[in-house]
Amino acid sequence: MNKANIVEVKKLHKSFGEVEVLKGIDFSLKKGEIVSIIGPSGSGKSTFLRCLNYLEKPTNGSITIDNLRLEASNHKKKDIVAFRKKTSMVFQNYNLFKNKTALENITEALIIVKKIDKRLADKKGKEIIKKIGLEGKEDFYPSELSGGQQQRIGIGRAMALENKLILLDEPTSALDPELVGEVLDLIRLLVSEHISMIIVTHEMKFAREVSDRVVFMEDGMIIDCGTPNEILVSPKNKRIETFLGKI
Amino acid sequence: MDFKIEAMIGLFPILFSALGLTLKITFISTFISVLLGILVAVIRFFKVKVLYEITGLFVSFFRGTPLLVQLFLIYYGLPQVFPVFVNMNAFVATILGLSLHFSAYMAETIRGALSSVDKGQLEAGYSVGMNTIQVMIKIVIPQGIRVAIPSIVNISIDLLKSSSLAFTLGLADIMAKTQLEAASSYRFLESYLAVALVYWGLVILLERVQKGLEIKLNKGY
Chain B
1 MNKANIVEVK KLHKSFGEVE VLKGIDFSLK KGEIVSIIGP SGSGKSTFLR
51 CLNYLEKPTN GSITIDNLRL EASNHKKKDI VAFRKKTSMV FQNYNLFKNK
101 TALENITEAL IIVKKIDKRL ADKKGKEIIK KIGLEGKEDF YPSELSGGQQ
151 QRIGIGRAMA LENKLILLDE PTSALDPELV GEVLDLIRLL VSEHISMIIV
201 THEMKFAREV SDRVVFMEDG MIIDCGTPNE ILVSPKNKRI ETFLGKI
Chain A
1 MDFKIEAMIG LFPILFSALG LTLKITFIST FISVLLGILV AVIRFFKVKV
51 LYEITGLFVS FFRGTPLLVQ LFLIYYGLPQ VFPVFVNMNA FVATILGLSL
101 HFSAYMAETI RGALSSVDKG QLEAGYSVGM NTIQVMIKIV IPQGIRVAIP
151 SIVNISIDLL KSSSLAFTLG LADIMAKTQL EAASSYRFLE SYLAVALVYW
201 GLVILLERVQ KGLEIKLNKG Y
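Here the protein sequences come in this chain order: B and A.
The opening residue of the first sequence carries number 1 in the numbering used here; numbering runs sequentially from there.
The opening residue of the second sequence carries number 1 in the numbering used here; numbering runs sequentially from there.
None of these hints come from the bench; they were simulated from the model.
Don't take each hint at face value.
Which stretches of chain B does chain A cover? Using the computed rule of at least three CB atoms under 8 Å from a CB of chain A, they are [said to hold, decoys possible]: (1) 76-86; (2) 89-97; (3) 101-109; (4) 135-145.
Partial pick of chain A residues on the chain B-facing surface, computed with a CB cut under 10 Å [said to hold, decoys possible]: (5) 124; (6) 125; (7) 127; (8) 131; (9) 134; (10) 142; (11) 196; (12) 199; (13) 219.
The structure displayed is predicted, hence computed values, not measured ones.
All C-beta atoms, glycine included, are put in the ideal place defined by N, C-alpha and C.
All chains, please: the whole structure from these sequences, using the hints.
Shown next as structure tokens:
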């Protein structure tokens with residue numbers, strides 16, 4: 001593995017029954033790099049992202065994150081748990097723990113996974129709450145918060161773990177247009193802190209602004225990959241051009 | 001009309017003296033059947049190899065045969081094959097029978113409630129590095145139990161009333177006391193009405209508990 005890389009994916013395949021959703025993905029991410037994945041619906045973007053923390057089990061290939069290599073064909077349950085601890089995930093539908101308050105959503109994993117003392121975890125949780133601009137909402141349950149606020153907690157939960165890599169699966173797709181801004185602002189904050197991130201998104205302008213690289217996926221394959229300018233501004237690939245034109 | 005209200009009222013102190021036993025049987029059996037129900041439900045939820053088939057058979061048998069038959073099988077039948085059970089008293093046999101029987105119902109109810117919890121909750125737990133046991137205990141089971149509370153209390157009510165079968169194994173619970181009094185005084189209507197009222201009163205208390213639990217667990221929904 002190249003030392004500068006935090007993620008290396010080799011020949012990754014994933015099938016759901018007869019349907020092959022990922023058809024051999026090769027991919028790498030440098031430490032601190034921010035990559036956006038774009039492409040039409042059903043192209044396998046989200047499945048690829050979910051494979052990176054084993055919410056979906058690949059059928060073939062290998063993934064290395066921070067020197068921990070997992071072969072699809074040969075691994076133990078214990079390896080998966082260790083592997084998941086390398087990354088944090090931000091979900092399209094937030095997936096906040098419904099039975100936990102805003103603060104607990106952030107501290108729960110600190111306490112039971114990272115085994116941090118509850119007092120320290122609470123302190124850290126409150127710092128995060130402040131950072132995501134939700135002071136005063138510590139004891140609110142997810143159902144009492146707006147979509148934008150919930151997603152900010154979703155991002156806060158991912159930040160708190162201080163894992164090597166944050167994966168964002170269409171973080172603004174479920175939001176009302178007027179709430180998108182606050183979530184993107186928070187992601188910009190993560191960008192400014194040089195946290196490695198992979199973002200699946202339909203926000204082209206945003207992708208262009210924050211990404212170091214943009215990946216275009218279609219039909220379970222990576223079609224093209226380059227700087228935001230190469231992919232989003234003057235794409236050489238006809239398919240990408242039509243895709244962007246349609247959006 | 002031959003109805004003596006004094007005969008009925010006179011029975012209450014006798015019933016209250018046995019109330020402790022009925023409550024003890026009910027609480028212990030409910031507690032065990034909820035825990036066992038959760039265990040079986042989780043096994044069936046994840047379709048754990050081998051255990052899935054065993055628990056399927058367990059649920060089918062304990063739901064499919066009468067409680068009275070199960071109590072007799074445990075109390076009179078088991079010692080015949082397993083000498084360890086020879087010294088088992090009627091109290092333990094009753095608790096064992098009620099717990100096993102009602103855990104089968106609890107298991108099915110709780111399994112349904114667990115399936116109603118959004119799959120994203122499990123995934124979110126995994127994504128922050130929790131293992132399956134941690135996600136189940138911290139996230140999925142609490143959310144499932146909230147949904148299952150009305151049914152769980154329903155089953156507990158059934159269990160409370162079914163504890164009256166304990167008298168068939170010779171336990172002196174409120175039902176047994178009533179039987180004795182009715183047989184010696186020939187005041188059948190008064191006696192059985194008195195015991196019916198006591199059971200009813202207990203069930204009303206349980207319904208109160210249900211309301212309280214629902215309010216507490218619904219916080220945040």
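- prompt: Among the hints numbered above, which are violated by the structure, and what are their numbers in rising order?
  reply: 11 and 12
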